[in-house]
Amino acid sequence: NAGVTQTPKFRVLKTGQSMTLLCAQDMNHEYMYWYRQDPGMGLRLIHYSVGEGTTAKGEVPDGYNVSRLKKQNFLLGLESAAPSQTSVYFCASKRGNTEAFFGQGTRLTVV
Amino acid sequence: KQEVTQIPAALSVPEGENLVLNCSFTDSAIYNLQWFRQDPGKGLTSLLLIQSSQREQTSGRLNASLDKSSGRSTLYIAASQPGDSATYLCAVLYRDDKIIFGKGTRLHILP
Numbered sequence: 001n002a003g004v005t006q007t008p009k010f011r012v013l014k015t016g017q018s019m020t021l022l023c024a025q026d027m028n029h030e031y032m033y034w035y036r037q038d039p040g041m042g043l044r045l046i047h048y049s050v051g052e053g054t055t056a057k058g059e060v061p062d063g064y065n066v067s068r069l070k071k072q073n074f075l076l077g078l079e080s081a082a083p084s085q086t087s088v089y090f091c092a093s094k095r096g097n098t099e100a101f102f103g104q105g106t107r108l109t110v111v
Numbered sequence: 001k002q003e004v005t006q007i008p009a010a011l012s013v014p015e016g017e018n019l020v021l022n023c024s025f026t027d028s029a030i031y032n033l034q035w036f037r038q039d040p041g042k043g044l045t046s047l048l049l050i051q052s053s054q055r056e057q058t059s060g061r062l063n064a065s066l067d068k069s070s071g072r073s074t075l076y077i078a079a080s081q082p083g084d085s086a087t088y089l090c091a092v093l094y095r096d097d098k099i100i101f102g103k104g105t106r107l108h109i110l111p
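Quick note, the sequences are listed as chains U and B, same order.
With my numbering applied, the first sequence covers 1 to 111.
With my numbering applied, the second sequence covers 1 to 111.
Okay, chain U solo, but in the shape it has when bound (with noise of 0.2 Å):
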C-alpha cells in the first residue's frame, strides 16, 4: 500500500523551463491538494481538487497551473520556472472529513 506517492523527488530547473510533478494516490480519495513549504512560512496551499475533473485555487496559486483527469492523480505544472518557485512541494489527499494523508515531499530549484 504506497499511500501518496510524489514523483520526482529532486529537480534542478533553468528559469522559464517547464514541468510536471506528478502527485498519485492509491486509496481513492476524492481529495487532493498541492502545497509548498519555504524556509519560516509553513506549507501554504496552491491549489486543490475536491474530485476527478475538479481544480479550485489556494492561498498561492499564480505560477501555477494544476489537472485532475483522473480520480488518483493530481498534476502541478511550472509553465515558466522562476527562482521564487524554489521550493518544497507536498502533495496530499484525503476521503470526506477524515485525516489528510502526504507524500514525502519534491525539492525543486531553479536556477
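A couple of the hints might just be wrong.
Pairs of lysine-lysine, DSSO-like flavour, derived with a Cα cap of 30 Å [as the list claims (entries may be wrong)]: (1) B:Lys103 with U:Lys9; (2) B:Lys1 with U:Lys14; (3) U:Lys70 with U:Lys57; (4) U:Lys57 with U:Lys14; (5) U:Lys71 with B:Lys42; (6) U:Lys9 with U:Lys71; (7) U:Lys57 with B:Lys1.
Since the hints were made in silico from the structure, they are not lab data.
Everything numeric in this text was worked out from a predicted model, so none of it was measured.
Got chain U sorted already, so can you dock chain B onto it with the hints?
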C-alpha cells in the same frame, strides 16, 4: 480571510517537562483540525485529528483540545523526551474544503 496562527514560534524546555503548544484560527466554519509533526528535511507525520464536534483527542502522551467557538486548539505533550524535538504544525480543514496550515512551532527538548 482564513488564517491559522501558532504560538510560540519556537520553544526550548528541559526533558521531562509537560508543555502546551497553541493554535488559533479565524472563521469557525471548520470540519476538523489536525496536528502534525515534521522532522528537519522530512515529510509530515499525522499526530491527532480532532473533529469539530469533539472537545479532545488523546494518543499516548499527546492530548489535543479544540474550542471551535473561540477558534483555539492546544496540543499538550506530557513528560517530554529529546525524541519529541521537531516542528509541530496545526492544520485546519475549513468547510470550503481548504486545509490551511499555521507556520509551526519548533520544539527543542533539552537532555
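Tested hints:
1. With a CA separation close to 23 Å, the supplied pair lysine 103 (chain B) and lysine 9 (chain U) stays within the 30 Å bound.
2. About 35 Å separates the Cα atoms of lysine 1 (chain B) and lysine 14 (chain U), which puts this hinted pair outside 30 Å; it is violated.
3. At roughly 19 Å between alpha-carbon atoms, lysine 70 (chain U) and lysine 57 (chain U) fall within 30 Å of each other, so this suggested pair holds.
4. Straight-line distance between C-alpha atoms of lysine 57 (chain U) and lysine 14 (chain U) comes to about 26 Å, which keeps the hinted pair within the 30 Å bound.
5. At most 30 Å may separate the alpha-carbon atoms for a hinted pair to count; lysine 71 (chain U) and lysine 42 (chain B) meet this at roughly 26 Å.
6. Restraint check for lysine 9 (chain U) and lysine 71 (chain U): satisfied, since their Cα atoms lie roughly 22 Å apart, inside the 30 Å limit.
7. Under the criterion of a C-alpha separation no larger than 30 Å, the hint pairing lysine 57 (chain U) with lysine 1 (chain B) is consistent with the structure, at around 14 Å.
Hint compliance for this structure: hint 2 is the single one not met.
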